[in-house]
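Build out the structure end to end from the sequences listed, making use of the hints.
Keeping their order, the protein sequence lines are chains A and B. Adding 940 to a residue's 1-based position in the first sequence gives its number in the working numbering. Adding 1357 to a residue's 1-based position in the second sequence gives its number in the working numbering.
Hints are computed from structural coordinates only; laboratory data are not their basis. Bear in mind the structure is a predicted one, so any value in this text is a computation, not a measurement. Just so you know, not all the hints are guaranteed correct.
As the list claims (entries may be wrong) - Here are the computed lysine to any residue pairs in the SDA-like style, where the Cα-Cα straight-line distance is at most 25 Å: (1) B:Lys1451 with A:Ala950; (2) B:Lys1359 with A:Glu1170; (3) A:Lys1266 with B:Pro1434; (4) A:Lys1262 with A:Trp1155; (5) B:Lys1588 with A:Ser1237; (6) B:Lys1588 with A:Gly1029; (7) A:Lys1262 with A:Gly1029.
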Amino acid sequence: MEAQRKNPVAMIAINAVLILWLVYSVTPFLWTMLNSLKTPREANSRIPVFPFDPTGDNYAELWLNNVPDNLPVLGFILLLIIIGLIGVGLLAPRFPIPRVATYSGIVAVGGIVVLVIPSLVNTAEFYDYFINSVIVTVGTVVISITIGCLAGYGLARYRGIIGVVILFAALAFRALPRMAFVLPYYYLGQAVGLYDTHLLLILTLVAVNQPFTVWMLRSFFMDIPHEVEEAAMIDGCTRLQAFTRVIIPIMWPGIITTALFTLLLAYNEFLLARILMQSNWTLPVALSSYTGGEDASQLTLAAAGSVSITLPIVFVIIFFQKYLVKGLAFGAVKG
Amino acid sequence: MKRDQFTLFVAPSVIIMVLLMVLPLATAIILGFHRLTFTNINNPEFVGLQNYIEVLTDSRFWNAMGFTLIYTAVTVPLHIVLGLAVALLLDQVKYLRGFYIAGALLPFIVTPVVGTLMFRLTFERGGLYTYLLSELLDSRVNFFLDGTTVTFLVLFHGVWYITPFAMIVLFAGLQTLPKDPLEAAKVDGATWLQRMRHVILPHLRSLFLFIALISIMDAYRVFDSIFVLTKQNPIYGVETIMYYNYEVALSFQRLGKANAMSVLTVIGIFVVLIPFLYITYRQQTETT
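Right, dumping it as structure tokens:
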């Protein structure tokens, strides 16, 4: 429809409505951000206090047991490292080494930084929950995508009826309420001694997420023509070699898209983590402990926690919007 | 691809799904026939159908079921209509499109517990919406007064949270709209309403089905938002099936009864979804 002239009045009206929609969508986020910078008294006032003196106390109380003198320096160094890692990640396709190596390197450096921080500053429990979230999220993404790629590829290339049966069964699993699995996990987990371990939560998340992962990766593999790996196999590759050396390198957009959704699922999961973890809380469970009572001082802490948990997701939306939209719309294009 | 190769490729995934989905489901069915609490967790006592009878005669269960149905009946149609409206508008703009999409997606992408809490903070005593409404009505407003206001908050949050999903799917659908029929309709002097009804909506039909399928599944298992918005306070009487199921399991510690309830929920969701699954199955067997 790009050829036709648009009525300028209509365009202004359309943009106005969209801006209203934007305001409606993000008001809770902005409001919480303001609250996280207020004192409990200011945040709880019936008439909003504005302007106010922003304070970082809520964040400090949430993340640290005591505030060191050189905090600004350390924070600045941390910020530089994060920006550096994001830069390397975005440039990964241009490096002459395989992308898997680059991404593994980023994860390794990030992991080391996360583990070194507690020895430099006295971190509070929230930091431990953050580490738990990182472990669970990374573990789930790695396992889920690895086995999901194998299955998705198999299902995309196999023509037998069993393939359809597996896909259909997976879709049925997708429909099941979490509660139907989580109580048996709770029961079985205690029986085999895995209750309250990262491993149980990771495996559970992998299983719960597998139907979605397999469906999505399969549809991406279906877009790759057969001729690609057939040519490689004529040149003497086995099927598995053709898969790892020829198919995977051109599958990156599909893998990144699926990995993003797996990441969000693992990072966002509340019910499973709440029931299967007794002490090793993840961030959503930790935050939920601030949501019960009417205690005003808890509200600003909860606001600071909410903003902290949301920041990585805002990063994801900014840097990976293209993949997110593609992933959400994949049902749209495939029908 | 040959059969044995296929088996090797899908084996890890299928084993995980069988081990961690079929097995737990079977366990849930078995445990549903037992009296099981934390005191006798190692030797459940077989009680036959007693748990099932107890669930089906439990008024709180039916109350939760009713609320889940209301939640589905309100949020599913409303979010599809709103999502369509925003998608149609987004389709008209070229500048700032990515900016609008990023902001509009936020409620859907953010951690549900966190998103719900942020939503709640705007309705708290010192919240922005509480203040604005108090000024408007010139009287004090309390959104956590009773079940009615909390129900309103839960439904409002449901729509706020899920609309971006319909929006983005329908927006993607509009990008694949073939131009020729639309141009032809315009040349023939079709009004906006006629083009909408005869060209655009039929093109999006399969997407409405897809969105409805996913959002019904999700509405059926709402948990996080109830947990946060009711502040785990039973006085509001606002709870979904999933939330009540959780209460029975962890607060009342009746694991057997909770498992029976899970099994009933699974049966219920399949009865609702059979038509949708059938259509998907037919589409898959047609295309492959």
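Now the hints, each set against the structure:
no., hint, result
1, B:Lys1451 with A:Ala950, "holds (14 Å)"
2, B:Lys1359 with A:Glu1170, "holds (13 Å)"
3, A:Lys1266 with B:Pro1434, "holds (24 Å)"
4, A:Lys1262 with A:Trp1155, "holds (20 Å)"
5, B:Lys1588 with A:Ser1237, "holds (16 Å)"
6, B:Lys1588 with A:Gly1029, "violated (40 Å)"
7, A:Lys1262 with A:Gly1029, "holds (16 Å)"
In the structure shown, a violation is registered for the earlier hint numbered 6 alone.
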